[in-house]
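Visitor: Note that the protein sequences, when read in sequence, are chains A and B.
Read left to right, the first sequence gives residues 8 to 281 (our numbering).
Read left to right, the second sequence gives residues 126 to 420 (our numbering).
Read the hints as simulated data drawn from the structure, not as lab findings.
Cβ atoms here follow ideal geometry from the backbone N, Cα and C, with glycine treated the same way.
You may find that some hints are simply not true.
Claimed, not checked - Calculated Cβ distances over 10 Å to all of chain B for the following chain A residues:
hint	residue
1	Arg71
2	Trp75
3	Gly166
4	Leu197
To be verified - Think about it this way: if two alpha-carbon atoms lie no more than 25 Å apart in a straight line, the pair counts; the simulated DSS-like pairs of lysine-lysine are:
hint	chain 1	residue 1	chain 2	residue 2
5	A	Lys137	B	Lys171
6	A	Lys269	B	Lys338
7	B	Lys411	B	Lys338
8	B	Lys202	B	Lys364
9	B	Lys202	B	Lys338
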Amino acid sequence: MNKISTRQATLVYIVTGIILIIFMIPIYLILASSLKPSADMFSPSADGLFTPTLQHYVDLFTLRPFHWNIINSLVVTLGSTLFSVTVRSLGAFALSRIRHPRINDAAFWILSMRMFPPIAVVVPYYIIFKSVGLLDTPLALIIVYSTANIPLTVWLMKGFFDEVPEALEEAAQVDGYGIVEIFYRITLPLAAPGLAVCAVFCFIFSWNEFLFALMLTGSSAQTATVAVMSFWSSDAVQWGRIMAGSFIILIPGVIFVLTCQKWLVKGLTLGSVK
Amino acid sequence: MGYVNRRNRTIAGVFLLPTVAVLFLTTIYPMLYALYLSFRNYDLAKPFIPRIFVGFANFQEVLTSGPFMHSMLITFKLMAVTLTFQFVIGVGLALLVTQRLPGMAAIRTLLLIPMMISPVIVGLVWLFIYFPELGYLNYFISLIGINPVPWITSTQWALTAIAIADIWQWTPFVMMGTAAALQSLSPEPYEAALIDGNSRIDVFLYVTLPQLKPVLISLLFLRAIDAFKIYDIIFVLTKGGPGDATETIALYIYRQSFTFWRMGVGAAASFVSLIIISVLITLFFKSMQKSAVAR
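Isolated chain A, as found in the complex (with noise of 0.2 Å):
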């Protein structure tokens, strides 16, 4: 863009800094009360002088079963990651290869499934789990994680597979390969940096959620999102614990943050910023 003057840098770099340090400012918070002492919780004259203790940490893995539920976000958070990314992969080349003119509308029907709001649904799938004795099992949140995973997947996917070259795929028929073949042989190895990309939406999505993790799951099956909301409704508030399982929590997606970068933007607006 156009060149600024000095005057004018100090000026964006002063402006930006206030606005970072106050975005920046609860992020901080969970990291230091996860450290501090229960004495200074609420103590802000204590940031700075309070001495770190690890103690938070070591309560919600003996006190807690907090391992537990960190091994239940685990598993349904991989398993419907998993679910989603081969089953839609699938679904998204059709959409990506196939030439019709009602394509597009089959396109956006699948992107018009995330816009449901969760909570519409939550009643029909207790009601549902309940009555196949799939309450409070990972299964039964693999299963609705995949649904709402679904059209993030197949609409990100289809952008990847946009952009092979389809005179890879022309030139492999040719050869006499079948269109199953051109797909696992040749696109999808081509695709495989976007389902990774998928893969790891999947993830954060999943790791994060909490609606259906509350509603779904009881004391067998809970997630670590569902825990840490726990520690504030059970007997005393303990911050300590809460804000160190809340720290454990957002780990992936900062690492998300700090690798991906340019992905978040292409599968958080749905492809529609180039």
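Once you have looked at the hints, place chain B on chain A.
Guide: Same frame as chain A, but now just chain B:
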């Protein structure tokens, strides 16, 4: 016509089938079930009472009684406030962080962190900040001589408190989308406009903004749809209270279904809100198609 001939197109249809089948089983079926429930009197706490067909009674209750309309009002009020701030701050921030200055890329990345955090965690950390008597926010405003504010315990402030947390989480989203769009714009029109002696504000209003319009519309609809669904942050901060001061549509459905166990009323309210969101979706597609034609 691509290489996909008629025969292969049939097979490609098979690729599509698993997606459609799973979508049907896990989305359409629960929705049909919800539709069935919305015409029944179903108390989940008393499962042995037969589910009587009650006609449109549930819908009538939802549409004519005060609480649902109140929750609708709260939802749209919250949506209006959060979207306004998210777009004003987000677009402004995007203009700043796309300046070609050292360190801006890193700042841009750091600013994206809030939107990757689980909304429950966002709710919890803001609960910590707003905490009655002890919270950080009251401590800081007391430093500049302002009296403590009962952020989440008064009907007057609770909605504002929720709006602030939501603005914090989603302003980065608007910034991210706008910044990406800004960087893809070609520089010539700016240089020409600046050489012609226009002020920077004029250049922004008459050169940049029109080019950003399609992207901003997309971002606005994506945000509006999410704002309509807002649940987690409110659940953590106020559970819809105090009273019904922060009861959005999602919280209303939650209360009907899981506090009063009136599944039929909850399902009917779900459908009414589905219809509203469908109207939003249609508007979204129309604007998407329009901007696709323009491109």
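Visitor: Please list, smallest to largest, the hint numbers that this structure does not respect.
Guide: Violated: none.
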